[in-house]
Structure formats: C-alpha cells, structure tokens
Amino acid sequence: MTRTVVLDGTLDAFRAHARALIGEGVPPEGIRWRDPLRSPRAEGAEPGLFGATDAPSPLPDRTAAVRSPALELPRAYVDALPTISCYRDESVWRALYVVAWRIARGDRGLMADPLDADVAVLQRMRKAIGRDAHKMHAFVRFRRIEDPGARGGERFIAWYRPSHLIVEREASFFRGRFPSMDWSILTPDRCAHWDGREVRFTEGAPRDAAPDHDELEELWCTYYASIFNPARVKISAMVAEMPRKFWDTLPETKQIPELLADVPRRLEEMARNSRAVADSAAPFVPFGAPLDELRETLPGCEGCELHRNGTRAVAGEGPQDASTVLLGEQPGDTEERAGRPFIGPAGEVLDAALEVAGIRREALYVTNAVKHFRHEPAPRGKRRLHKRPTIEHVTRCQPWLDAELAAVAPRALVCLGATAARAVFGPTFRMPDPGAAPEARTSRYADATLVTFHPAAILRAEDPARAAAMRAHLEQTLRATLADPAATTARPSPG
Amino acid sequence: MAMDTADKLRILADAAKYDASCASSGAKRSNGGKGLGNATGMGICHSYTPDGRCVSLLKILLTNRCIYDCRYCVNRVSNDVPRAGFTVEEVVRLTIEFYRRNYIEGLFLSSGVVMDSDRTMDLLAEVARRLREEEGFHGYIHLKGVVGASEEALTKAGQYADRVSANVELPVQADLDRLAPEKSIDEAESAMAFLKEGIDEAKGRGRRRASTPGGTAGARRGRRRFAPAGQSTQMIVGATPSPDRSVLETADRLYGTHGLRRVYYTAYSPIPRAHQDLPTAQPSLVREHRLYQADWLLRFYGFRIDEVVTRGDGNLDLEVDPKMAWALAHRDFFPVDVNTAPKEALLRVPGLGTRSVGRILGARRRRRLREADLKQLRAPLKRVLPFIVCADSWDGAVRDLDLEDLREKVRTKDRQLLLFEANGSAKTGQV
Numbered sequence: 020m021t022r023t024v025v026l027d028g029t030l031d032a033f034r035a036h037a038r039a040l041i042g043e044g045v046p047p048e049g050i051r052w053r054d055p056l057r058s059p060r061a062e063g064a065e066p067g068l069f070g071a072t073d074a075p076s077p078l079p080d081r082t083a084a085v086r087s088p089a090l091e092l093p094r095a096y097v098d099a100l101p102t103i104s105c106y107r108d109e110s111v112w113r114a115l116y117v118v119a120w121r122i123a124r125g126d127r128g129l130m131a132d133p134l135d136a137d138v139a140v141l142q143r144m145r146k147a148i149g150r151d152a153h154k155m156h157a158f159v160r161f162r163r164i165e166d167p168g169a170r171g172g173e174r175f176i177a178w179y180r181p182s183h184l185i186v187e188r189e190a191s192f193f194r195g196r197f198p199s200m201d202w203s204i205l206t207p208d209r210c211a212h213w214d215g216r217e218v219r220f221t222e223g224a225p226r227d228a229a230p231d232h233d234e235l236e237e238l239w240c241t242y243y244a245s246i247f248n249p250a251r252v253k254i255s256a257m258v259a260e261m262p263r264k265f266w267d268t269l270p271e272t273k274q275i276p277e278l279l280a281d282v283p284r285r286l287e288e289m290a291r292n293s294r295a296v297a298d299s300a301a302p303f304v305p306f307g308a309p310l311d312e313l314r315e316t317l318p319g320c321e322g323c324e325l326h327r328n329g330t331r332a333v334a335g336e337g338p339q340d341a342s343t344v345l346l347g348e349q350p351g352d353t354e355e356r357a358g359r360p361f362i363g364p365a366g367e368v369l370d371a372a373l374e375v376a377g378i379r380r381e382a383l384y385v386t387n388a389v390k391h392f393r394h395e396p397a398p399r400g401k402r403r404l405h406k407r408p409t410i411e412h413v414t415r416c417q418p419w420l421d422a423e424l425a426a427v428a429p430r431a432l433v434c435l436g437a438t439a440a441r442a443v444f445g446p447t448f449r450m451p452d453p454g455a456a457p458e459a460r461t462s463r464y465a466d467a468t469l470v471t472f473h474p475a476a477i478l479r480a481e482d483p484a485r486a487a488a489m490r491a492h493l494e495q496t497l498r499a500t501l502a503d504p505a506a507t508t509a510r511p512s513p514g
Numbered sequence: 260m261a262m263d264t265a266d267k268l269r270i271l272a273d274a275a276k277y278d279a280s281c282a283s284s285g286a287k288r289s290n291g292g293k294g295l296g297n298a299t300g301m302g303i304c305h306s307y308t309p310d311g312r313c314v315s316l317l318k319i320l321l322t323n324r325c326i327y328d329c330r331y332c333v334n335r336v337s338n339d340v341p342r343a344g345f346t347v348e349e350v351v352r353l354t355i356e357f358y359r360r361n362y363i364e365g366l367f368l369s370s371g372v373v374m375d376s377d378r379t380m381d382l383l384a385e386v387a388r389r390l391r392e393e394e395g396f397h398g399y400i401h402l403k404g405v406v407g408a409s410e411e412a413l414t415k416a417g418q419y420a421d422r423v424s425a426n427v428e429l430p431v432q433a434d435l436d437r438l439a440p441e442k443s444i445d446e447a448e449s450a451m452a453f454l455k456e457g458i459d460e461a462k463g464r465g466r467r468r469a470s471t472p473g474g475t476a477g478a479r480r481g482r483r484r485f486a487p488a489g490q491s492t493q494m495i496v497g498a499t500p501s502p503d504r505s506v507l508e509t510a511d512r513l514y515g516t517h518g519l520r521r522v523y524y525t526a527y528s529p530i531p532r533a534h535q536d537l538p539t540a541q542p543s544l545v546r547e548h549r550l551y552q553a554d555w556l557l558r559f560y561g562f563r564i565d566e567v568v569t570r571g572d573g574n575l576d577l578e579v580d581p582k583m584a585w586a587l588a589h590r591d592f593f594p595v596d597v598n599t600a601p602k603e604a605l606l607r608v609p610g611l612g613t614r615s616v617g618r619i620l621g622a623r624r625r626r627r628l629r630e631a632d633l634k635q636l637r638a639p640l641k642r643v644l645p646f647i648v649c650a651d652s653w654d655g656a657v658r659d660l661d662l663e664d665l666r667e668k669v670r671t672k673d674r675q676l677l678l679f680e681a682n683g684s685a686k687t688g689q690v
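Going line by line, the protein sequences match chains A and B.
Start counting the first sequence at 20; every next residue gets the next number (the working numbering).
Start counting the second sequence at 260; every next residue gets the next number (the working numbering).
Just chain A, with the same shape it has in the complex:
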C-alpha cells in the first residue's frame, strides 16, 4: 500500500516525516511525497484551490521519532540538505528520501559515489541550486527610489525571478554586501527586506510592485555598449552564461539586437581605419636624402593637423657637414613669416650667447623639433601667440628630425628647451637646474648631447636672477661643444 505524505514546503516537515518513516522501515517505493508549493500546478494558482488533499499531513508525534532507532546521517548528506531542499519540484523529497533510506540501511559511503544514479540526481539538483544562487547574486538589479522612511531617504528595490526557492537562503548574501542600504528584493515566491537591523520576509509580489526605471540605467547601458568588441562576437558564449530567461530584468540586454545589427558597419569602419592613415610624418619623408632634398619635400608634409593651420613648415638651416646641431622647439611668429629658424627675438638671444661662447652660427645646423608653427588664432594684425606643441606633434614630426640628423651626423647636439630634450630623450625627461653644470650624454643622434634652456624661456623668465642663471647655462653649454675642437670648424666633407 502506498502512503501519501503532504508537506507544507518546509525542510523541517520533511525531516520529521523522513525520520519517522525510516524508523518504521517504510521503503521509498511505499511513499508518495506531495508538496503543493512545489507541484507544477501551484504556480499562479490560488491557495486552497485543491481542497483537503493538499492539507499538510500531521507531523508524526515526537515520541514516535524518539522511539525509532537513532538516525545519524553522514555530514555529506546533512550539509547538502538545506541547499537541495530549495529545489522547485516535489520530486526533490523522494530523491532525498531514497538516499537517506539507503544510507540508513548501511551504505554509509553512498554520497561519495558520483556514479550512483540516486546520488547523481541529488548532485544535479544541488548544482542547479548553486547555479541559480550564483545567477541571483549576479543578476539582481536594484532601482533607487526616494523613501523618507528609509535610511538616507532612499531605498533600493529589485524584482527578480529565481528558478528555485532560494530567496530566504540568499538574502544573507545581499545583507552581507549592502549593509548600509535599505533594500528589498521582490520575487513571485517571497520578498526579502533589509532595514539595517534584520531581514524580513513577506509574501511574493508581482513585477509592477517594483519601480520600472532608474536614472543610472542609461549610464550602465552606455558602459555595456562601449566595452563590447565587435571583432570578437561570440553569442553562444554569452547566452550560455546569461540565458535568455534572465534578460527580462537586465536593462543592458535590451540593446543587444541593436549592437549586433551594428557589427558589420563597425567592422567595415575598423577595416577602413586600419588602412593607410598617416599617423606620422614618416610617409612624407625621403629618408636617407641629403638636406636640400629634405628641404624641398618638407612643404608637402601632412603628418599632423598643423599642416592645415595656414602656416608653412620651416626647415633647418646650416651646412650638411656641421659638427654641431642646435635643436629648438618650433618656429615662432617671425620665423614662420620668414621661413627661417631662430631669427626673431629668441634668435637674438641665441646669437648673443653664441658670440659670448665664441661660436660662428654659420658653422652650425639649426633646426626645430616641430617644423610647423602651432599658435593661438590671433586677432587681426596682432602677433600670433605661440602655443606649445604637444608630445603628439613632436612624435609625429620626429621622422623629419631623424632624416636631418642622419644627413648631418653631428658629433654634438644641443637641445634648447624641454620640447627638444623630450624629442631626444623621451617624454618623461626633466629639465636640469639652471645652476647645474652642462652635462654631455650619448643619444641616438650624437655622442655628445647636451640640454640647456630655450632662448625664449630666458626672455619669458620673470625673476631676473633666474633669467641670468639660465642665460649663463646656455652660454656654458654652447661653449662645452667647443671641448671638441672640431665643433667650431666645418669638417672636410667626405669625397
């Protein structure tokens, strides 16, 4: 004769019945487990619709349980019990009873056998719960509302549909994570509410009990759309981890069809952009050419946007066999008009320093790190105001410098100012103190490379003492190039 046990959905009721039934020696085939809360008919149905047959069976009296032989189940079973009992199907009770029965009959190691069919069923259930819990931790999305009764005047509310009966079990995760927020998680089964003191549980709630919008969702969707890489579309991997049944409450998934529809266009755009976009002067420089050819080609350069600013490129000046090169930043207003480097106010400072140092300018090759004049648009008739070129301009222009210095191959190179020094030593280079002695070091351009101040910086310096120190540093540095006697005289040209 088959006995029917109707449970009220709680693990405690199952425990009490199971203990008594095992004590009585009732085999699994002799019991039909019923649980209206978990039966397929229960969802959405009115409670009490099925009448008396769904009334929970009375719990076996305690003395009966005490009289039955002590039922001590192994840890592996006891620990898994609370988790597995969240499974949303009444078959879970039979599955649990079968294994308990077999263990009680003497098979103590049963739980450790993954190949046993009954254990495999429990493990499948346990895994499903674990996955469901994990997805709940991940996919709950809170929406913020103003609530004067809540801490901080705000409350965070989520509506979520878990696959199994895990709300009560998983509330502790959210309590642990969001202690300082008042939050509610509403589900069709149960709702959990946290107010900073305790988690309360209430009856299930419909979706429209939760707010339908949050101001942050737009930013979140922006973020989601921006991190998607159209070159690596892998929809199957996405759906495997984020099944469609969850999409309903995930705001970011609304834009997925749109994002995918845009993939071909974005790939085409990427392909277009990856072809032949000049990102430096390199395609315009006749590398290995002598100085006069470089000078002729320079006006055609389109290596950066400065070629469109209405100025002309200013080439370097001086003999190809110069043994010293002076490197400045970029041409100024006067230089751009005349098309020659260092002839404006800064040029005068430089010339004066060269005279003090006893160096003829005609023996030097003088050029700039950036060949175009970057400036602020000036009011009509006024001088155009210098604007410091960025490291991007310097980097893009570098192929010209490479070609010039390859043609000249100087023994000494003097960088005038930070921009010039960074073109040679990299973007983190820091200027020396004006009081420091000139220091020659090796660079990829010249065995003796020195760094000093730009003449224009000397003009701009507000503190006269500092200006004097900078001027002295410039003069000393220029003089230091004389340490090599060849520096003042032109070398015999080869051949």
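A couple of the hints might just be wrong.
[Said to hold, decoys possible] From chain A, some residues computed to sit far from chain B (all C-beta separations above 10 Å):
id: 1; residue: ASP98
id: 2; residue: ALA114
id: 3; residue: ASP214
id: 4; residue: PRO225
id: 5; residue: ARG380
id: 6; residue: ASP421
id: 7; residue: ARG430
id: 8; residue: GLY454
[To be verified] Listed next, with one range per pair, are the computed distances between beta-carbon atoms:
id: 9; chain 1: B; residue 1: GLU441; chain 2: A; residue 2: SER199; range: 43 to 51 Å
id: 10; chain 1: B; residue 1: GLY300; chain 2: A; residue 2: GLY215; range: 19 to 27 Å
id: 11; chain 1: A; residue 1: GLU458; chain 2: B; residue 2: ASP445; range: 21 to 29 Å
id: 12; chain 1: B; residue 1: GLY612; chain 2: A; residue 2: PRO230; range: 43 to 51 Å
[Stated by the list, open to error] Straight-line distance between alpha carbons at most 27 Å, and here's what the computed BS3-like set of lysine-lysine pairs gives:
id: 13; chain 1: B; residue 1: LYS462; chain 2: B; residue 2: LYS415
id: 14; chain 1: B; residue 1: LYS602; chain 2: B; residue 2: LYS641
id: 15; chain 1: B; residue 1: LYS415; chain 2: B; residue 2: LYS455
id: 16; chain 1: B; residue 1: LYS602; chain 2: B; residue 2: LYS634
id: 17; chain 1: B; residue 1: LYS602; chain 2: A; residue 2: LYS146
id: 18; chain 1: A; residue 1: LYS264; chain 2: A; residue 2: LYS146
id: 19; chain 1: B; residue 1: LYS602; chain 2: B; residue 2: LYS668
id: 20; chain 1: B; residue 1: LYS287; chain 2: B; residue 2: LYS415
id: 21; chain 1: B; residue 1: LYS634; chain 2: A; residue 2: LYS146
id: 22; chain 1: B; residue 1: LYS287; chain 2: A; residue 2: LYS146
id: 23; chain 1: B; residue 1: LYS668; chain 2: B; residue 2: LYS634
id: 24; chain 1: A; residue 1: LYS146; chain 2: B; residue 2: LYS641
In short, the hints are calculated from the structure, not lab data.
By construction, the Cβ of each residue, glycine as well, lies at the ideal position given by its N, Cα and C atoms.
We have chain A; now place chain B onto it with these hints.
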C-alpha cells in the same frame, strides 16, 4: 549624472577594453556590517557582452591621454582619437552608484600616462584611497601598476587595491624596442619585484597576527593589507613574430620570480587606426586559447615548457590542444589504466582535466570503471578513449594508439573568429 559623464564613459570604457583581465576573485574583504560592498573571494560576473566576455568590474581608464607612443596601443600619443579624462571624483561616483545597483563587483582602473608615471600612479591610487577611506567601499579594486612609478606611489596603490597589475605588454625586449621604444621589461619587472615584496610582507604579517592573540580586528584590517589578490600581467600575442615559446618562457619566469597570480594573453586585436608596423589581419584567437591551455599545463599539470611546445618553430599546435600534441608525440606513455594509474598519469591523458580526474579517483574506489562510467562522468570519449584502458577494454582490439591518422581522429573543430555568427544575427535580428 550629467551628460558629459556619459560621453567620457563611452570613450574611456571603449579604450579600456584591450585589457583582458576582468577577474574579481582571490580577495576576501568584509565590511563588518558597515559601509558598502564586500569581496567573497569567488568573483561574480554580473553580465555578459555579445563577445562572450564577462562584465564583472567597471573597467575604465582615468584618461586615454598618453605621452607614450606604443605602436600596438589605441591610446598612443600619435593616434588621432577622441580624448577624454575623468576626474577622481567622477570615477568614485560611478563606482559607488554602479555598485549600489549591483551592476558590478568593483573597479578596474587603468590610465594613459599623463605628466609622468609617478603622477599617474598616484592619481589611480587616490581614487582607491577615496573609495576606501571616504566612501567606506569594500568591493574589489584592481589598479594598473604604472611601470616607472615611484615606490611611494606603488605602495599607496597596494595599500588600497586588491590587485595591482604591471603589464609587460610584449614577450621580449626586442619586440618592445620595435613597437614600444619607451618601455622595458626590466622596468616592468622591477615594479613587479617591489609589489611582490609588499604582498609577501603583508601576508607574513597577517599570519603572525593571526597566531598572536590580542590584535584587534581593526588593526588587522585597514593599513595592513597589501594587494591581497596578488598581481597579474598581460602580454599581447601576434603583434610581433615572437613564437609561443618566448611567450611561455617569459610567463614562466614571471610566475616563478614575482609570484604572479595570472598572466593574461591577448591576441593582438586590430585597433582602430593601427600603426603601419602592425599586422592588419586578426591573429588567431585559437592561438590565444592554446596559450592559456599551455599556461594551465605548466602551472597545474606538472608539464615543462619543452613538453608543451612540441613544434620545431617554437609555436603551439593550433589544430590540437597542447596536451594532445604531447600525447601524440609520446604514444609509448599510453595507454593509461583508469582503474589503477596514479593521479599524475591520469592528468597526462588528453581530455581529462583536474576535475574529471578527481571524479575518476572518487568513483573507482567503489567499482571498476567501464567505458559507460566514463561517459557518465562526462569525459570527452572521442579524445580520451585512444589513450586509456578501462574494465571493459578488449585486449585483442587494434588499438587506436597505433593509427597513423589518430591526429585526424582526435582533432577538435575549433572555429576561428565567429564572424559569420554575428552577420547571421545582424540579418535576422535573432540572437
């Protein structure tokens, strides 16, 4: 939040996606019932994008402005892309507001180098400091360790972050010389060495404290932590001709010397407006996958580099996984008897991972395993069977192990770049 935050987010999230790591695991951080957030040590993926990648952290750059000109990088100074920069406050707000809605596990903050390395590292660490000290945030924080930053700035980063990662970018110095002339592996490694010191020291301190009673919980927390989730690094593969062997040798050295938790390999992804020195074709995603497999074999399966790299050209076999490649080249090692072989031998069988091996060891205590049992344990039979014997193997059979075309039989059909999948969806609107 204001509209311009959205514009910045668009630019600075897009620019951050070339960093592969999205891990939020490995750190346990509790909030003592106050503040916001925790880290459970497991890591949670809060969403997935259509490229199949997990969204766990708010992964953004503080700015994509950069003084460097690394050719493989979309943010290199010479590239003409829209630039933007967040304020420290904006990143703090975004992190907190996203976290409160359960969108993310925390923050992964990187940046282009502005001014200099030191200043950049300090700004990143300042975001972390404000999140921890002023916002009471206990979620996960991963900061990019800016190579070349001072020890002071790196220390600040380690104090507030769960993980710090200094990238080597390319496997050998010659590759860097070609594509990132301002970077050096030595410099990256000295940052790693410094971080390792901090991590080891904090761990030692934690152990000592745990064994001496009297230290308050408050003293254990806070300043005493240093990157509890350790450090990681990233290498780009396929941007230069360096073979997989160089990549793995560098990874192996970094694991050994600096105690890294992870090395990420990322197939060079053709970036918008790539530099002309770089390949324009998408390098094989399978290659990236094979490197991860090889990395795993080196760390968890007791393989050596010369065992995983079997090809003369120093590259991994793209057709079969590295364990299969080794097995095909060492057929005398097989067959392995699943009912008697030691764990180490089972781990050498293609298709059996640490988890299946664990299940086999558990199940065989109770019975002699047959082919059907292996199937129930979800071992991939097609790949496994040629290399094992089980209770119902028939001695007289012609063994697959001796077949010349075994390689053809066990080959998996890895699909390269599932573009057609995307195109299909684009047409139908179905996903």
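Against the structure, the hints come out as follows:
No Cβ of chain B comes within 10 Å of the Cβ of A:ASP98; the nearest lies about 17 Å off, and the non-interface call holds. The claim that A:ALA114 lies off the interface holds: its Cβ sits roughly 17 Å from the closest Cβ of chain B, which is beyond the 10 Å cut-off. Remark: the non-interface label on A:ASP214 is consistent with the geometry, its nearest Cβ contact in chain B lying 13 Å away (cut-off 10 Å). Its beta-carbon lying about 21 Å from the closest one in chain B, A:PRO225 satisfies the requirement of being farther than 10 Å from that chain.
Distance check on A:ARG380: its Cβ is at least 33 Å (rounded) from any Cβ of chain B, clearing the 10 Å threshold; non-interface status holds. Distance to chain B confirms A:ASP421 as a non-interface residue, since its nearest Cβ pair spans about 12 Å, more than 10 Å. Annotated as non-interface, A:ARG430 keeps its C-beta farther than 10 Å from every C-beta of chain B; the closest such distance is 24 Å. Chain B leaves A:GLY454 outside its interface by the beta-carbon criterion, the shortest separation being 23 Å against a cut-off of 10 Å.
Between B:GLU441 and A:SER199 the C-beta distance comes to about 44 Å, which sits within the given range of 43 to 51 Å. As the Cβ distance of B:GLY300 to A:GLY215 is approximately 25 Å, the hint placing it in 19 to 27 Å holds. Take A:GLU458 and B:ASP445: their Cβ atoms lie about 24 Å apart, and the range 21 to 29 Å holds. Range check, B:GLY612 to A:PRO230: Cβ separation about 45 Å, and the 43 to 51 Å hint holds.
Annotation: proposed proximity of B:LYS462 to B:LYS415 holds, straight-line Cα distance about 17 Å (limit 27 Å). The hinted pair formed by B:LYS602 and B:LYS641 meets the criterion: a straight-line CA distance of about 21 Å does not exceed 27 Å. Restraint check: the Cα-Cα separation between B:LYS415 and B:LYS455 comes to about 14 Å, which is no more than 27 Å; the hinted pair holds. A threshold of 27 Å between alpha carbons decides the hint, and for B:LYS602 with B:LYS634 the separation of about 19 Å falls inside it, so the pair holds.
This hinted pair checks out: B:LYS602 and A:LYS146 have alpha carbons roughly 25 Å apart, not beyond 27 Å. Taking the CA atoms of A:LYS264 and A:LYS146, the gap is about 18 Å. The hint holds against a cut of 27 Å. Among the hinted pairs, B:LYS602 with B:LYS668 is consistent with the structure: their alpha-carbon atoms are about 26 Å apart, no more than 27 Å. For the suggested pair B:LYS287 and B:LYS415, the alpha carbons sit about 19 Å apart, so the restraint of at most 27 Å is met.
Under the criterion of a C-alpha separation no larger than 27 Å, the hint pairing B:LYS634 with A:LYS146 is consistent with the structure, at around 19 Å. A hinted pair counts as satisfied when its Cα atoms are at most 27 Å apart, and B:LYS287 with A:LYS146 qualifies at roughly 23 Å. For the hint linking B:LYS668 to B:LYS634, the alpha-carbon distance of about 18 Å falls within 27 Å, and the restraint holds. Between A:LYS146 and B:LYS641 the alpha-carbon distance is near 26 Å, which keeps this suggested pair within the 27 Å criterion.
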